[in-house]
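Quick note on this note's numbering: the sequence shown kicks off at 223 and runs consecutively.
The hints are simulated quantities; they were obtained by calculation from the structure and are not laboratory data.
Ideal Cβ placement from N, Cα and C applies to all residues, glycine included.
Here are the simulated distance ranges between beta carbons:
id: 1; residue 1: Gly389; residue 2: Arg326; range: 37 to 45 angstroms
id: 2; residue 1: Leu310; residue 2: Arg396; range: 40 to 48 angstroms
id: 3; residue 1: Gly338; residue 2: Ala297; range: 34 to 42 angstroms
id: 4; residue 1: Thr300; residue 2: His353; range: 39 to 47 angstroms
id: 5; residue 1: Gly290; residue 2: Lys324; range: 33 to 41 angstroms
id: 6; residue 1: Gln410; residue 2: Glu282; range: 27 to 35 angstroms
id: 7; residue 1: Glu354; residue 2: Thr300; range: 40 to 48 angstroms
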Amino acid sequence: MGEGLAGGSREHPVPAEGRAVVYGLLARALDYPGEDLAAELVAGEFVARLRWAGTGLIGEECLAGEAGAIADYTASFTDRDGERRLLLELQKDYTRLSFASKPRLVPLFESVYREGKLLQESTFEVARLYHEAGLRLRPGFTLPPDHIALELECMAYLCFQEAVAAGVQDGEKREKEAVRLQREVLGQHLGEFGARFAERLKAHAGTSFYRSVARLLADFLAREETRLLPVPG
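Working from the sequences, and respecting the hints, build out all of it.
The following block contains the structure:
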């Protein structure tokens with residue numbers, strides 16, 4: 223969904239577009255690592271997109287520090303076998319954090335943080351929001367829908383819908399609906415879940431990549447809450 227968003231000639235994206243890209247990058251980083259992610263990291267594409275989209279959306283110090291840390295980390299994987307070695311290292315760390323550890327060091331699902339176990343009320347609440355947004359799980363996807371990467375992907379999609387609304391019929395109505403759903407997903411689900419997830423990821427990650435992703439996630443979501451959610455009266 224975000225593939226066509228970050229290659230433009232503008233120095234920086236418009237806000238909704240940039241937010242879509244940042245959410246999409248975080249979703250990719252927090253899904254199970256695949257060959258595409260490793261290739262983008264080694265080529266410097268991930269960091270370039272992060273810097274392009276994150277300016278003004280992530281704290282200046284955080285963005286500079288963590289983008290630099292990711293670039294430094296991946297610089298040691300630029301040899302001919304680098305992508306394979308990086309992929310194996312990320313997969314090993316991800317598996318240790320979220321699948322092999324007992325109890326799980328960094329659970330991937332919102333319901334574990336809210337209700338203490340999988341497939342609880344929060345799972346079905348977020349699935350309802352996906353349906354309301356017009357999203358469907360990919361065929362063959364068997365994990366619960368409150369996976370951290372899916373909630374981030376949902377926000378990326380909603381920000382993209384906000385960004386393109388100006389150029390379509392009933393654009394104002396569509397933009398308002400996209401923003402309403404963003405507020406629901408962030409305010410009722412991803413805001414608290416993402417902050418707690420980031421705290422655990424930062425504490426337990428074995429690679430500097432995941433520690434940097436944790437700091438970026440925490441900073442970005444805190445600023446998103448300030449941007450989107452009303453201040454309690």
